[in-house]
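J.: 1 is the number of the first residue of the sequence shown in the UniProt record's numbering; add one for each residue after it.
Note that these hints are calculated values from the structure, not bench results. Just so it is clear, the structure is predicted and the values come from calculations on it, not from any experiment. Where hints are given, some of them may not hold.
To be verified - Restraint-style ranges between C-beta atoms, simulated for each label pair:
no. : residue 1 : residue 2 : range
1   : N17       : E81       : 53 to 61 Å
2   : T51       : T143      : 35 to 43 Å
3   : S52       : T127      : 30 to 38 Å
As the list claims (entries may be wrong) - Pairs of lysine to any residue residues, derived as SDA-like cross-links and limited to a Cα-Cα distance of at most 25 Å, are as follows:
no. : residue 1 : residue 2
4   : K89       : T63
5   : K48       : D2
6   : K179      : Y149
7   : K89       : T159
8   : K179      : K48
9   : K215      : T63
Even glycine gets a Cβ: it sits at the ideal position worked out from N, Cα and C.
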Amino acid sequence: LDLGTHLYLFAIQIPYNVNYPPTIRDDNFGHRIEYVLQGQICLFDDTKKTTSRLPLTYLPLVTFDNNPISTEKTVKIERGEEYVLVSAKLVNPYSCPGDVCRIKLETQNRSSQSIHQVQVQLASTTTTLKNNTTTPVISSGPTYHHKRYELLNESHYVTIPKHSQGMSSTSICTLNIPKACVPTTQTEFANKYIDITYEIIVFIPAMGSSINDTKHVATHPNSVRLPLVITTVPSSMPSLRIPFSSGQSDALPAFIPYVESPMPSPTTPVYQQWGPGSPIEPEENDSHLLLQPIEDNSGHLM
């Protein structure tokens with residue numbers, strides 16, 4: 001290169017059929033995954049110079065399902081002849097970080113106690129392969145390690161009267177999905193396997209149970225567990241889907257060999273004669289060109 005400042009454009013193409021693990025900087029998931037971009041230049045004396053690392057945020061393509069399987073779950077809490085029957089489902093089982101998730105409860109309370117409060121919890125489960133080189137491989141298959149993390153735990157007030165013979169009460173609970181949530185992930189890359197899933201757990205304090213009995217809410221018989229998919233594309237966007245990994249994939253991003261420099265925007269005829277140091281005044285019949293910019297279908301100014 002000659003002495004001076006030079007500008008070169010580089011582009012990296014992500015494989016279209018591979019989802020890498022997402023960037024994870026939150027300790028709530030038990031792992032940290034970071035992507036960085038670093039430049040390197042080889043000098044004439046075979047020495048190399050590198051730039052500082054620039055952090056990148058990578059999110060896999062996780063979309064909604066147009067025909068989701070029904071996620072409605074039912075729990076029946078009994079004591080003697082009394083019982084409470086609760087059917088719960090997610091109004092939007094596919095949600096983006098920052099969305100409001102709505103839980104619909106249909107409750108038949110045929111007990112002698114009213115229900116005024118339920119506990120709603122958002123939890124994630126991270127699954128990885130146990131790597132123990134000292135242990136021989138067992139023919140039964142790999143061993144997985146599951147770690148559960150509680151992300152949110154909120155109390156919601158409801159009105160479910162007692163002795164509701166033949167009638168059900170409808171309650172809507174809302175939960176704000178944290179913006180730090182990474183998308184639902186299932187990927188195996190570079191001999192590393194990671195799976196991140198989410199669920200909404202609703203605990204109903206009935207038949208002697210109280211709202212304080214939520215230490216082990218996920219396994220409590222009064223709890224309803226509803227799977228939640230955290231997506232990276234809102235449901236209002238066109239659907240383009242990359243399936244979850246079903247096996248090892250080592251496809252890597254690749255540099256695009258030829259990248260054209262950005263083309264200058266074409267100008268309207270009134271400015272075609274303009275040049276540095278030679279301003280021109282538009283004519284009267286050209287005034288409409290200045291009030292409304294002309295664009296092509298891509299939004300490029302003309």
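J.: Given the hinted pair K215 and T63, is their Cα-Cα distance within 25 Å?
T.: Not satisfied, since the Cα-Cα distance of roughly 33 Å exceeds 25 Å.
J.: Going straight from one Cα to the other, do K89 and T159 come out at no more than 25 Å?
T.: holds (18 Å)
J.: Are K179 and K48 close enough, with their CA atoms no more than 25 Å apart?
T.: violated (40 Å)
J.: Could you tell me whether the CB distance from T51 to T143 stays inside 35 to 43 Å?
T.: holds (41 Å)
J.: Range first: 30 to 38 Å. Now tell me if the beta carbons of S52 and T127 are that far apart.
T.: holds (35 Å)
J.: Verify the CB-CB distance for N17 and E81 against the hinted window 53 to 61 Å.
T.: Between N17 and E81, where Cβ atoms are some 57 Å apart, the hint holds.
J.: Check the hint pairing K179 with Y149 against an upper bound of 25 Å on the C-alpha distance.
T.: holds (16 Å)
J.: Tell me if the straight-line CA distance from K48 to D2 falls inside 25 Å.
T.: Between K48 and D2 the Cα gap is close to 18 Å, so the pair holds against 25 Å.
J.: Quickly compare the C-alpha distance for K89 and T63 to 25 Å and report which way the hint goes.
T.: Satisfied, since the Cα-Cα distance of roughly 20 Å is no more than 25 Å.
In summary, the structure is inconsistent with hints 8, 9 from the numbered list given earlier, while agreeing with the others.
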